[in-house]
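> If you want the building blocks of each chain, they are given just below.
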Amino acid sequence: MLVAGLTALAGSASAADAPALFDSGRLLLTGGVSTVEGSGGGGLASWATITGYGTRDSVGANVHGTYVNLPDYELRAYGVAVGFYDRVEVSYTRQQFDTGSTGAKLGLGSGFTFDQDIVGVKVKLFGDAVYDQDRWYPQVSVGAQYKKNDKGAIVHAVGGKDDSGVDYYVAATKLFLNQSVLLNGTVRLTKANQFGLLGFGGDKHNDYSAQFEGSAAYLLNKHLAIGVEARTKPDNLGFAKEQDSYDVFAAYALNKNLSVTAAYVDLGSIATFKDQHGFYISLQAGF
Amino acid sequence: MHRLTTLALGATLILAATGAAAQAPMVMPAAGATPIAGDAVYKAFHEQAGIQRIMDDFVPRITSDPRIKDRFATTNLDRLKLMLVQQVCYLTGGPCQYTGRDMKEVHSSLGLQNLDFNALAEDLQFSMDKEKVSFPAQNQLLAKLAPMQRAIVTK
Ligand code: HEM
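Here the protein sequences come in this chain order: A and B. When the first sequence is numbered by my numbering, its final residue is 331 and no position is left out of the sequence of numbers. When the second sequence is numbered by my numbering, its final residue is 157 and no position is left out of the sequence of numbers.
So that you can see chain A by itself, here it is in the shape it has in the complex (with noise of 0.2 Å):
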């Protein structure tokens, strides 16, 4: 329903007489699509681009739909995410990880939840993707993702020390238009177990540890890009081990209100069950 609605208002933003403040004035794909935690960016790594369609002169917004569908266990994202003037991005994605007939093996009991909420901001600090092509240095923005897990009973029973948590990271982006190529690097800061769905900290490592994030992307065509992720993610809990997560992706850009994302992601072991990977669809709808 939300996304029917929102679609409609960008069709209408996007039109000849459309008010200056949703101009949709950017190239197409040149935002990013929504990574799984609700950010501009790829499906795992976030983006240093500000999501939507917007200018600098103007707002962009979206929203998104993303599934992910494991041996073990299912997870469901959505959420709605604003791009003001080109500089700042705001997020919020209610996440869904279902351990469907794995919760009663876990002993959670059979379709068991966790649901967690992430709020995410993101700040341009300088660079621009697209136009700085004869610059050697790419798009640089800040972010921090605050992040709260429903489940703070379990996540201490399993040795998480905290069911909410901040992950900070700072994202570098460049289009290489010569090459067709987009390259992204993100280093990020963060306590989260398993993206925080099994809560911050842990037995095994509390502190804060950097991890990495990289996307590479080829433009197929001005509406299609293909690419490959990998995500580092720590491994805090001594109940089970955490592992590195990769993706390989495909961005179809119908045009500026619509996109789908197909995924073939590996997100490692999770909570003592191995070999987590399967498809991941995301759909975005915005301007």
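A portion of the hints provided could be inaccurate.
Calculated pairs, DSSO-like style, for lysine-lysine (alpha carbon to alpha carbon, straight line, at most 30 Å) [stated by the list, open to error]:
(1) A:266 x B:45
(2) B:157 x A:266
(3) A:266 x B:71
Facing chain A, a subset of chain B residues (Cβ under 7 Å, in silico) [said to hold, decoys possible]:
(4) 115
(5) 116
(6) 117
(7) 120
(8) 137
(9) 138
(10) 141
(11) 142
(12) 144
(13) 145
(14) 148
(15) 149
(16) 151
Because the hints were derived from the structure by calculation, they are not lab data. Quantities reported herein were computed from a predicted structural model and do not represent experimental measurements. Here a beta-carbon is modelled for each residue, glycine too, at the ideal position from N, C-alpha and C.
Given chain A's structure and the hints, the job is docking chain B with the ligand onto it.
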């Protein structure tokens, strides 16, 4: 993996520190950029005749695009087309000289915004698509045009 992240953090911070530093001034040709080396891109644009067809399509396109058409209300469109053909021929590595005015001089008084710049770029993409210029070759020209945003967009 820890060493990798430390390295990445270091690299990002160096980028952050030096990125904001002032650019050394350089002398730009009036066409706004130096040409692409070799003639592969010029060939991908189907040479002079292809570039002419692109601009035959592009000029009516920008002067009917509701986002930017008003900007061209008093423009001599024949001259504009001629200058654009020269400029793109020159930038793609073709055997042409650009005889028009400097990009900053032409556009700085127009009060253009990023919306105008990007709209024009989108229109150009459509015209290049129509001429069936390969996407990588299109992007190589766009890589030359994109930095002109700093000279052209003043608002
Ligand atoms: C990379 C982007 C652009 C390039 C390469 C470009 C190139 C040119 C060239 C070659 C000329 C002719 C110069 C001459 O007569 O000597 C010109 C003139 C002009 N351009 Fe652009 N332009 C760009 C962006 C824009 C944009 C975004 C607009 C507005 C939407 C615009 C509006 C005009 C106008 C109105 C003139 C005529 C000015 C006059 O005759 O006084 N240009 N441009």
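> None of the hints should be skipped; say for each whether it holds.
Hint-by-hint comparison with the structure:
1. A:266 x B:45: OK: residue 266 (chain A) and residue 45 (chain B) at ~21 Å, within 30 Å.
2. B:157 x A:266: 27 Å, holds
3. A:266 x B:71: 23 Å, holds
4. 115: 5 Å, holds
5. 116: Where the cut-off is 7 Å and the nearest Cβ of chain A is about 4 Å from residue 116 (chain B), the hint holds.
6. 117: At about 4 Å, which falls below the 7 Å cut-off, the nearest Cβ of chain A leaves the hint on residue 117 (chain B) intact, so it holds.
7. 120: 5 Å, holds
8. 137: Constraint on residue 137 (chain B) satisfied, holds at 5 Å.
9. 138: 5 Å, holds
10. 141: Status holds, d = 4 Å.
11. 142: This interface hint holds because 6 Å falls under the 7 Å limit.
12. 144: The hint holds - residue 144 (chain B) has a Cβ within 7 Å of chain A, the shortest such distance being about 5 Å.
13. 145: Check passed: Cβ of residue 145 (chain B) comes within 4 Å of chain A, closer than 7 Å.
14. 148: Hint on residue 148 (chain B): holds, closest Cβ of chain A at ~5 Å, below 7 Å.
15. 149: This hint holds: residue 149 (chain B) lies near chain A, its Cβ roughly 4 Å from the closest one there, short of 7 Å.
16. 151: This hint holds: residue 151 (chain B) lies near chain A, its Cβ roughly 4 Å from the closest one there, short of 7 Å.
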